[in-house]
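Asker: The residues making up each chain are set out below.
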Amino acid sequence: MQHILACLDESTWSTSVQDAAIWAARQLNSPLTFLHSIEKQTQPDSQDLSGAIGLGARSKLMTEIATLDQLRAKAALQIGKEILAIADSKAQEAGCTQVETLQRHGEFIDTLLTLESSARLVIIGHSGTQTGKKISVLGTHVENLLRQIHTPVLITPHDFSVPKSFMLAYDGRETTELALQRILSNDLLRGLDCHLVTIKNKQPDLEEQFAQATERLTAGGFAVTTRYLEGDIAKQLLDYQQTQAIDMLVMGAFSGSRLRQFFIGSNTLKMLENCNIPILVVK
Amino acid sequence: MFKNMQNEWFFNIRGDLLAGLVVALALIPEAIAFSIIAGVDPKVGLYASFCIAVIIAFVGGRPGMISAATGAMALLMVTLVKQHGLEYLLAATLLTGVLQIAAGYLKLGGLMRFVSKSVVTGFVNALAILIFMAQLPELTNVTWHVYAMTAAGLGIIYLFPLIPKIGKSLPSPLVCIVVLTAVALYLGMDIRTVGDMGELPDTLPIFLWPEVPLTLETLQIILPYAVALAIVGLLESLMTATIIDELTDTKSNRNRECKGQGIANIGAGMLGGMAGCAMIGQSVINIKSGGRGRLSTFCAGFFLLIMVVFLSDWIKQIPMAALVAVMIMVSIGTFSWSSVRDLKKHPLSTNIVMVTTVAVVLATHNLALGVLAGVLLATLFFANKIARLMVIKHAQADVHAPLHYQVIGQVFFASAEKFAESFDFSLAADKVLIDLTRAHFWDISAVSALDNVVIKYQRLGAKVSVVGMNEASKTLIDKFALHNDPKAVEKLLSDH
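First to last, the sequence lines map onto chains U and X. The first sequence begins at 1 in the working numbering and counts up one residue at a time. The second sequence begins at 1 in the working numbering and counts up one residue at a time.
Derived by calculation from the structure, the hints in this document are not laboratory data. Given the structure is predicted, the values throughout are model-derived calculations rather than measurements. Hints should not be assumed to be uniformly reliable.
Listed below are the simulated EDC-like cross-link pairs for lysine to aspartate or glutamate, each with C-alpha atoms no more than 20 Å apart in a straight line [to be verified]:
(1) K393/X x D342/X
(2) K165/X x D45/U
(3) K463/X x D451/X
(4) K456/X x D424/X
(5) K200/U x E230/U
(6) K164/U x D187/U
(7) K165/X x E100/U
(8) K60/U x D196/X
(9) K164/U x D239/U
(10) K168/X x E230/U
(11) K74/U x E64/U
(12) K283/U x E116/U
(13) K82/X x D249/X
(14) K165/X x D48/U
(15) K251/X x D187/U
(16) K251/X x D110/U
(17) K60/U x E107/U
(18) K393/X x E417/X
(19) K60/U x D342/X
(20) K40/U x E8/X
(21) K74/U x D48/U
(22) K60/U x E421/X
(23) K107/X x E217/X
(24) K316/X x D196/X
(25) K40/U x D245/X
(26) K81/U x E93/U
(27) K81/U x E100/U
(28) K60/U x D249/X
(29) K251/X x E107/U
(30) K168/X x D45/U
(31) K456/X x E490/X
(32) K74/U x D249/X
(33) K40/U x D249/X
(34) K251/X x D69/U
(35) K74/U x D45/U
(36) K235/U x D247/U
(37) K283/U x D110/U
(38) K168/X x E107/U
(39) K81/U x E10/U
(40) K40/U x E246/X
Please construct the entire structure, taking both the sequences and the accompanying hints into account.
Answerer: Structure representation (structure tokens):
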């Protein structure tokens with residue numbers, strides 16, 4: 001059975017990832033897997049700038065570097081085991097019955113991509129060990145992960161509380177249509193109030209599609225509030241989210257290429273950077 | 001794109017900057033020394049080192065590896081420079097680059113899998129010995145002052161790092177050069193200095209197209225040199241990459257490195273530099289000093305140029321003895337000490353391969369020939385070993401029963417003769433049965449050896465039947481398309 005994959009690290013975001021994972025596991029009634037991946041730290045520890053190499057220099061250097069790697073890996077393994085144990089007992093206490101823990105070596109994204117085939121939802125923190133506790137700084141992995149993964153991803157803010165409402169920005173494009181289908185076809189957002197929002201654009205039959213989407217959501221059992229907004233997409237959406245105190249955001253990801261993003265900027269990225277609520281990126 | 005920038009360039013800025021500086025300081029004496037070996041002005045080697053290091057930082061396939069003008073390459077150019085001059089060397093450098101790029105596109109980097117560990121060790125040791133021998137002209141027919149200076153230089157290089165704190169924060173080769181230069185100037189010693197060896201760079205490098213006639217004759221002159229340079233350059237670069245891979249436990253992109261070396265050499269040739277490649281000693285110094293990313297290689301080249309152009313008046317004063325001391329250090333550090341220590345532990349065949357590689361290089365001054373000899377020898381030893389994995393058993397119940405042979409193991413060119421000899425033709429029988437179900441036929445030699453045995457028994461009046469030929473000869477096909485299927489390999493190599 002497909003499970004929920006929650007990614008933990010040493011940072012303070014892990015608590016929020018655990019909470020979100022437990023909530024999602026209950027909503028979906030799905031097995032839960034906690035993953036801790038150990039990325040190799042490549043920076044050297046101390047510097048010997050003497051620049052002299054003598055007999056057996058290479059084997060000596062090899063031993064030094066290997067010993068350092070070993071120490072670091074051992075520490076990381078230990079820390080990871082502790083984090084996983086805490087998460088595991090927390091989930092058990094919360095009543096999740098099928099909880100697994102995994103520990104993997106290697107690049108975080110590569111690890112996730114190999115594991116995603118058995119996952120129905122991936123949960124990661126908005127930031128992690130590398131970025132510190134600055135809300136506006138997006139974790140180094142998030143964008144790359146979102147561009148490569150094919151599984152829905154839930155990105156948690158520093159503090160997670162169980163959401164009561166969610167917002168879907170609907171523009172009639174393929175990615176939002178997919179988001180709509182996903183919302184209707186599974187239980188993750190069941191029981192939450194829905195804010196269906198659209199920004200006026202040049203799409204010809206937008207109004208008609210918007211009405212249809214509203215109808216489909218209502219038929220699916222959601223309490224739907226609809227809203228037309230005008231102007232800069234990311235700014236309007238963020239304003240609306242704040243005034244309505246919406247708990248969660250659902251969106252498709254990166255309809256533009258990296259090149260387009262470089263010149264024009266990406267709405268996905270703006271939302272990711274500035275939103276302080278859980279974001280569900282649908283794939 | 002951005003992720004790569006972060007991961008390959010800027011993950012270790014402090015370490016890379018400092019390591020780059022240390023490497024640049026050690027590169028200066030090397031570049032000068034190798035220019036002298038090749039018979040050109042020091043500026044040719046210095047420009048080359050700058051260009052190659054800076055370009056390879058962007059296009060190379062192994063972050064953290066240092067490439068510049070090298071001794072292995074310099075040794076191959078000697079006769080070209082002597083007979084035809086610098087312009088032809090620059091043309092040959094360009095052609096070397098083109099050949100290396102072609103090698104990258106043809107994915108020849110994968111051929112490194114045929115170069116065994118002992119060949120690599122032999123190559124490295126031969127290189128160390130060559131670098132040392134290249135210093136000997138500076139140490140023959142000179143006054144005792146030079147010996148004293150060189151010995152003092154080596155003393156400083158190896159003892160200075162032992163001083164607490166300061167020893168690990170200042171590059172000892174730099175201390176050696178500064179102290180020896182100061183002593184030589186103070187005492188007014190009449191010994192050779194870098195300034196006596198030829199022109200040093202006084203400006204930034206400028207674009208130069210080699211002044212050679214673009215004729216077939218020119219190509220005939222430079223092609224053999226370019227081929228040798230391209231091969232040696234790629235061999236040393238890929239071997240160094242393997243060493244860095246092992247040290248840092250990361251992977252390099254070999255074919256990208258081949259193309260990168262080509263581009264770097266073309267760049268060097270256009271800016272008046274000689275061909276170069278990766279350097280084992282410098283790369284080890286870089287890793288030891290904390291360099292890991294592309295930034296370290298870039299800084300090494302950049303700082304080298306800055307120092308050389310702005311300090312050229314001072315560099316002229318450096319006594320050659322100081323450079324010799326640094327080069328002897330590089331040679332000692334390059335030498336694989338464990339290979340000598342472990343000679344007794346390793347099998348004889350491995351040692352023979354290693355020593356042969358060293359010997360051929362020392363005899364020819366061409367590292368490519370040494371590697372070729374080593375690879376051939378290693379392959380022969382291997383074939384010989386596998387050839388022993390074959391037995392033929394025979395049984396005959398009584399005179400009227402068929403003579404039953406069972407072949408087990410690997411039959412190929414090296415074991416075909418043993419195969420034929422294992423049949424006992426003095427045994428008389430009406431019927432001979434050869435059971436091949438547990439044998440593997442690898443090539444046509446095996447098939448023809450079997451044919452001969454069959455014909456021989458037929459001539460002796462026996463009726464021969466062969467069992468299991470189909471299974472045994474499955475390995476004959478060149479591409480058995482099993483790359484990703486462990487089960488298929490298992491089935492092929494099982495006893496059917």
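Asker: Decide, hint by hint, whether the structure agrees.
Answerer: Taking the hints in turn, this is what the structure says about them:
The hinted pair formed by K393/X and D342/X fails the criterion: a straight-line CA distance of about 39 Å is larger than 20 Å. Restraint check for K165/X and D45/U: the C-alpha separation of about 16 Å stays at or below 20 Å, so the hint holds. Of the pairs offered as hints, the one joining K463/X and D451/X holds, with about 13 Å between alpha carbons and a cut-off of 20 Å not exceeded. A C-alpha spacing of about 11 Å is found between K456/X and D424/X, which places the hinted pair at or below 20 Å, so the restraint holds.
A hinted pair counts as satisfied when its Cα atoms are at most 20 Å apart, and K200/U with E230/U qualifies at roughly 6 Å. For the proposed pair K164/U and D187/U, the alpha carbon gap of about 14 Å is at most 20 Å, so the pair holds. Straight-line distance between C-alpha atoms of K165/X and E100/U comes to about 49 Å, which puts the hinted pair past the 20 Å bound. A C-alpha spacing of about 38 Å is found between K60/U and D196/X, which places the hinted pair above 20 Å, so the restraint is violated.
Using a Cα cut-off of 20 Å, the hinted pair K164/U and D239/U holds, with the two alpha carbons roughly 18 Å apart. Simply put, K168/X and E230/U have alpha-carbon atoms about 63 Å apart, too far for the 20 Å limit, and the pair is violated. Using a Cα cut-off of 20 Å, the hinted pair K74/U and E64/U holds, with the two alpha carbons roughly 16 Å apart. For the hint linking K283/U to E116/U, the alpha-carbon distance of about 12 Å falls within 20 Å, and the restraint holds.
The suggested pairing of K82/X with D249/X is violated, with an alpha-carbon distance near 43 Å, which exceeds 20 Å. The suggested pairing of K165/X with D48/U holds, with an alpha-carbon distance near 10 Å, which does not exceed 20 Å. Using a Cα cut-off of 20 Å, the hinted pair K251/X and D187/U is violated, with the two alpha carbons roughly 43 Å apart. Using a Cα cut-off of 20 Å, the hinted pair K251/X and D110/U holds, with the two alpha carbons roughly 15 Å apart.
Of the pairs offered as hints, the one joining K60/U and E107/U is violated, with about 28 Å between alpha carbons and a cut-off of 20 Å exceeded. About 16 Å separates the Cα atoms of K393/X and E417/X, which keeps this hinted pair within 20 Å; it holds. Between K60/U and D342/X the CA atoms are separated by roughly 15 Å; this keeps the pair inside 20 Å, and the hint holds. Proposed proximity of K40/U and E8/X is supported: the alpha carbons are some 14 Å apart, at most 20 Å.
For a cut-off of 20 Å, the pair hint linking K74/U to D48/U is broken: about 24 Å separates their Cα positions. Between K60/U and E421/X, the direct Cα distance comes to roughly 51 Å. Violation of the 20 Å bound is thereby established for this hinted pair. Between K107/X and E217/X the CA atoms are separated by roughly 30 Å; this puts the pair beyond 20 Å, and the hint is violated. For the given pair, K316/X sits about 8 Å from D196/X by alpha-carbon distance, which is consistent with the 20 Å threshold.
Under the criterion of a C-alpha separation no larger than 20 Å, the hint pairing K40/U with D245/X is consistent with the structure, at around 14 Å. The suggested pairing of K81/U with E93/U holds, with an alpha-carbon distance near 18 Å, which does not exceed 20 Å. Among the hinted pairs, K81/U with E100/U is consistent with the structure: their alpha-carbon atoms are about 12 Å apart, no more than 20 Å. With a CA separation close to 15 Å, the supplied pair K60/U and D249/X stays within the 20 Å bound.
Between the alpha carbons of K251/X and E107/U the distance comes to roughly 13 Å, so the proposed pair stays at or under 20 Å and holds. With a C-alpha separation of about 14 Å, the suggested pair K168/X and D45/U falls inside the 20 Å cut-off, and the hint holds. The straight-line distance between the Cα atoms of K456/X and E490/X is roughly 34 Å, outside the 20 Å bound, and the hint therefore fails. Restraint check for K74/U and D249/X: satisfied, since their Cα atoms lie roughly 16 Å apart, inside the 20 Å limit.
A C-alpha spacing of about 10 Å is found between K40/U and D249/X, which places the hinted pair at or below 20 Å, so the restraint holds. For a cut-off of 20 Å, the pair hint linking K251/X to D69/U stands: about 16 Å separates their Cα positions. For the proposed pair K74/U and D45/U, the alpha carbon gap of about 15 Å is at most 20 Å, so the pair holds. Annotation: proposed proximity of K235/U to D247/U holds, straight-line Cα distance about 17 Å (limit 20 Å).
Of the pairs offered as hints, the one joining K283/U and D110/U holds, with about 18 Å between alpha carbons and a cut-off of 20 Å not exceeded. Distance restraint check for K168/X and E107/U: the Cα-Cα separation of roughly 33 Å exceeds the 20 Å cut-off, and the hinted pair is therefore not satisfied. For the given pair, K81/U sits about 11 Å from E10/U by alpha-carbon distance, which is consistent with the 20 Å threshold. For the given pair, K40/U sits about 15 Å from E246/X by alpha-carbon distance, which is consistent with the 20 Å threshold.
Checked against the numbered hints given earlier, the structure breaks hints 1, 7, 8, 10, 13, 15, 17, 21, 22, 23, 31 and 38 and satisfies all the rest.
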